[in-house]
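Taken in order, these protein sequences are the chains called W and Z. Quick note on our numbering: the first sequence kicks off at 1 and runs consecutively. Quick note on our numbering: the second sequence kicks off at 1001 and runs consecutively.
What the hints contain is simulated information worked out from the structure, not anything from laboratory work. It is possible that some hints are incorrect.
[What the hints assert, rightly or not] Here are the computed lysine-lysine pairs in the DSS-like style, where the Cα-Cα straight-line distance is at most 25 Å:
1. W:K16 - Z:K1285
2. W:K232 - Z:K1285
3. Z:K1305 - W:K16
4. Z:K1038 - W:K196
5. W:K228 - Z:K1477
6. Z:K1045 - W:K195
7. Z:K1038 - W:K16
8. Z:K1009 - Z:K1341
9. W:K16 - Z:K1294
10. Z:K1285 - W:K228
11. W:K67 - Z:K1047
12. W:K228 - Z:K1038
13. W:K232 - Z:K1038
14. Z:K1299 - W:K16
15. Z:K1291 - W:K16
16. W:K79 - Z:K1038
17. Z:K1291 - W:K192
18. Z:K1424 - Z:K1477
19. Z:K1038 - W:K67
20. W:K16 - Z:K1045
Given next are the chains, with one letter for each unit.
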Amino acid sequence: MNIYVIMKRTFDTEEKIQIDSGEIVEDGAEFIINPYDEYAIEEAIQLRDEHGGEVTLVSVGDEEAEKQIRTGLAMGADKAVLIEDEDVENGDQFSTEAILAAYFKDQEADIILGGNIAVDGGSGQVGPRLAENLGINHVTSIVNIEIEDGKAKIERDVEGDQEFIEISLPLLVTAQQGLNEPRYPSLPGIMKAKKKPLETLDLDDLDLDEDEVEGKTNTVERYLPPEKEAGKILEGEIDDQVNELVSLLKNEAKVI
Amino acid sequence: MATTDKTLKGGSFLLDSTSSDQVFTPEDLSDEHVMIAKTTEDFVKEKVVPELEQIEQHEFDRSVRLLKEAGELGLLGADVPEQYGGIGLDKISSSLITEKFALAGSFSLSHGAHVGIGSLPIVFFGSEEQKQKYLPELATGEKIAAYALTEPSSGSDALSAKTTAKLNDAGTHYVLNGEKQWITNAGFADVFVVYAKIDGEHFSAFIVEGAYEGVSTGPEEKKMGIKGSSTRTLILEDALVPKENVLGEIGKGHVIAFNILNIGRYKLGVGCVGGAKRAIEVSAKYANERKQFKLPISKFTLIQKKLAEMAAKTYAAESTIYRTGGLIDEAFNSLSEEEQKEGANVGKAIGEYAIECSLNKFFGSEVLDFVVDEAVQIHGGYGFMAEYEVESMYRNSRINRIFEGTNEINRMLVPATIMRKAMKGELPLLEKAGGLQEELMMMMPEEVGDEPLEQERYLLENAKKIFLMIAGTAAQKYGEKLQKEQEMLANVADLVNEVFNIESCILRTEKAINKDGLEKANQKLLMTEVYTQEAFNRIEAIAKESLVALDDGDSLRTMLSILKKLTRHTPINMIAKKRELAVSIIEQEKYVV
Chain W
1 MNIYVIMKRT FDTEEKIQID SGEIVEDGAE FIINPYDEYA IEEAIQLRDE HGGEVTLVSV
61 GDEEAEKQIR TGLAMGADKA VLIEDEDVEN GDQFSTEAIL AAYFKDQEAD IILGGNIAVD
121 GGSGQVGPRL AENLGINHVT SIVNIEIEDG KAKIERDVEG DQEFIEISLP LLVTAQQGLN
181 EPRYPSLPGI MKAKKKPLET LDLDDLDLDE DEVEGKTNTV ERYLPPEKEA GKILEGEIDD
241 QVNELVSLLK NEAKVI
Chain Z
1001 MATTDKTLKG GSFLLDSTSS DQVFTPEDLS DEHVMIAKTT EDFVKEKVVP ELEQIEQHEF
1061 DRSVRLLKEA GELGLLGADV PEQYGGIGLD KISSSLITEK FALAGSFSLS HGAHVGIGSL
1121 PIVFFGSEEQ KQKYLPELAT GEKIAAYALT EPSSGSDALS AKTTAKLNDA GTHYVLNGEK
1181 QWITNAGFAD VFVVYAKIDG EHFSAFIVEG AYEGVSTGPE EKKMGIKGSS TRTLILEDAL
1241 VPKENVLGEI GKGHVIAFNI LNIGRYKLGV GCVGGAKRAI EVSAKYANER KQFKLPISKF
1301 TLIQKKLAEM AAKTYAAEST IYRTGGLIDE AFNSLSEEEQ KEGANVGKAI GEYAIECSLN
1361 KFFGSEVLDF VVDEAVQIHG GYGFMAEYEV ESMYRNSRIN RIFEGTNEIN RMLVPATIMR
1421 KAMKGELPLL EKAGGLQEEL MMMMPEEVGD EPLEQERYLL ENAKKIFLMI AGTAAQKYGE
1481 KLQKEQEMLA NVADLVNEVF NIESCILRTE KAINKDGLEK ANQKLLMTEV YTQEAFNRIE
1541 AIAKESLVAL DDGDSLRTML SILKKLTRHT PINMIAKKRE LAVSIIEQEK YVV
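Next comes chain W alone, as it looks inside the complex (with noise of 0.2 Å):
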């Protein structure tokens, strides 16, 4: 099987973010796979090894990616193809998409999956734009996957429900938590990840100018999240408590 993962290098997830004129502060922060991309990766392997093939993994960034992409290749994933889009102007989801799509034209994909969501931009967009632009199935936020004879048997969550999906090969699915727990990579995993091969192309190798694919939105602000204040315990007979949450409720929160 020809299995596939797009993957993105973001912001630690426990990294505490700070914005200097409207940019997020990137010195001395440790970058990480996306989260979701990494249930992904999982699954790829797993079904690899279930169904044979190879895993390629393919991400859109700029060379620092390398690092994450070979944490990949030393959780188990055979190849890999970074597509370096420095020279996009105000990249966004849009832009993303649309070189992947130029990579995938010449390939044949029984699956590629993806995360749910990348946690820094948190769109959700990527996965389900690139199978309707390649004209595959796609199912996001999938909890788990059984595949027997070209057709895939899923199970996604559908804010907290389940939903069950019999649908056919090729097919693009995006991960949810809870579709496995990522293995580590183990030290022989990493040292044989430096020999394992990785693809560098740019937007020439795939025939993009780099103005089909400049972004399509426009970031107006960014700015932090007010800081938590100290909570508030009330007090008294339990009316006058709900009185005043409720009061609170209204005037203060302003949520009712």
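Take the given structure of chain W and dock chain Z to it, following the hints.
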């Protein structure tokens, strides 16, 4: 990693100047190193830490299972060659694993004793058969190792061990009798490296399996800290050990013991760095959360001062210890695969850096003790409560100044080793000291410019001269009897230590400035400035105390005036520097370089 034309001699930093491209720094880590560190950290945080409370209640079946899980990831096999089922990585890789395991609190002892003093004697000194028999299962964690040297009546004086070994009449087995005390992992170890005297005379090492007849362990000790590690007495009552389980040469047990201790001391330092970084992290987080007088306490400059001092000392420890790791690694790399199979070669390669290993041990453990003490202080009363992580960090830290050779013993070893190297002609100490007095008499204090690191380099040069002056005068005055002057020896060790620390900070910072520019290396520069200034103040005080003990009258006055010239400089504004240094620690809530 950093390479040099030829490996540097141990202790040569005292006399020669080293350039920044000759030292290994944490900034030189490869991508693989970073990944190995990450796997270890993730494993420890996600798998070990959640079980730590039960492990501290002596539920050791958890420790055994976690060690096996660590083995499956390769975290036990870094130092074991591939042909014996390990991964055979460089020493920096295994150091990173050790550093990250420090996050596992007392469980790090179980890991460290197994991969370090437990397994390494077989890795370095085992015969081909012994390696094939034991290493594959030790590398995967199917079997756990321990190290048994200390006895109730022989601690620092390890060679006075009373445990005996006698060949049985059939000539097939050694019969071991004695008690080994405070053996880490004893509660669940399968393999013990045990030292005993054959016929009460020839100090030798043995591989003793826990399942052998006559081998048993005592009850768990009740300890001040590291409660999650198993510590018991190993009891040998007519224990039958196959003859082929003698490790290394008969009568040469000390070669194994001392070289394993060297590596153990270095690794202890590495672990202390990991612990210190974690203490800074939890302290900075707490200081941002805790409000008093309507302000997070991190806004108070006295708290900032503490965080800055914790960081500057940690930087010094990290810089010296990884520099040492680089040296040991290169010494190993300079041996061919065949040469590495000979215990004697390995012993020589590690032994070359005995001075550095001792420094790593006592400095690392004292930095950690300082850092956890201030960490508790930043937490105030909460730091005294068991539900806060710093409470156990504080208790766990204390043992580091005691085991693997007390800090006092390690201080004695430093000048003793320097003198031995000088006598053997490996360190031209006496030559350098000879010309010094005249040079010092003529010396005029220099004007120091204000380029980055310029003052620090100047102070380092003078610190080296002060070391030569004190060590030379002491050697002259006491001759052979110097070894009985323990206070003076400790003073010399402290001078050596500060020289090594200051230089390692400067070289690391210089390397970073050369690579990334001044702006990006600013935090490193600040830590180097702060550390150097404080260390130099200590050097001056130690030198004064030493001189008045070594000399008197006019001669003393001359020496003191030379010291005055050597120490003349305009100190930096420490209050301002420490405030500046604390900013990123508080912002990022962690140790920042």
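Against the structure, the hints come out as follows:
| no. | hint | in the structure |
| --- | --- | --- |
| 1 | W:K16 - Z:K1285 | holds, 11 Å |
| 2 | W:K232 - Z:K1285 | holds, 23 Å |
| 3 | Z:K1305 - W:K16 | holds, 22 Å |
| 4 | Z:K1038 - W:K196 | holds, 20 Å |
| 5 | W:K228 - Z:K1477 | violated, 67 Å |
| 6 | Z:K1045 - W:K195 | violated, 29 Å |
| 7 | Z:K1038 - W:K16 | holds, 18 Å |
| 8 | Z:K1009 - Z:K1341 | holds, 22 Å |
| 9 | W:K16 - Z:K1294 | holds, 22 Å |
| 10 | Z:K1285 - W:K228 | holds, 15 Å |
| 11 | W:K67 - Z:K1047 | holds, 24 Å |
| 12 | W:K228 - Z:K1038 | violated, 31 Å |
| 13 | W:K232 - Z:K1038 | violated, 40 Å |
| 14 | Z:K1299 - W:K16 | holds, 18 Å |
| 15 | Z:K1291 - W:K16 | holds, 19 Å |
| 16 | W:K79 - Z:K1038 | holds, 21 Å |
| 17 | Z:K1291 - W:K192 | violated, 49 Å |
| 18 | Z:K1424 - Z:K1477 | holds, 21 Å |
| 19 | Z:K1038 - W:K67 | holds, 12 Å |
| 20 | W:K16 - Z:K1045 | holds, 18 Å |
In this structure, the hints that do not hold are numbers 5, 6, 12, 13 and 17, in rising order.
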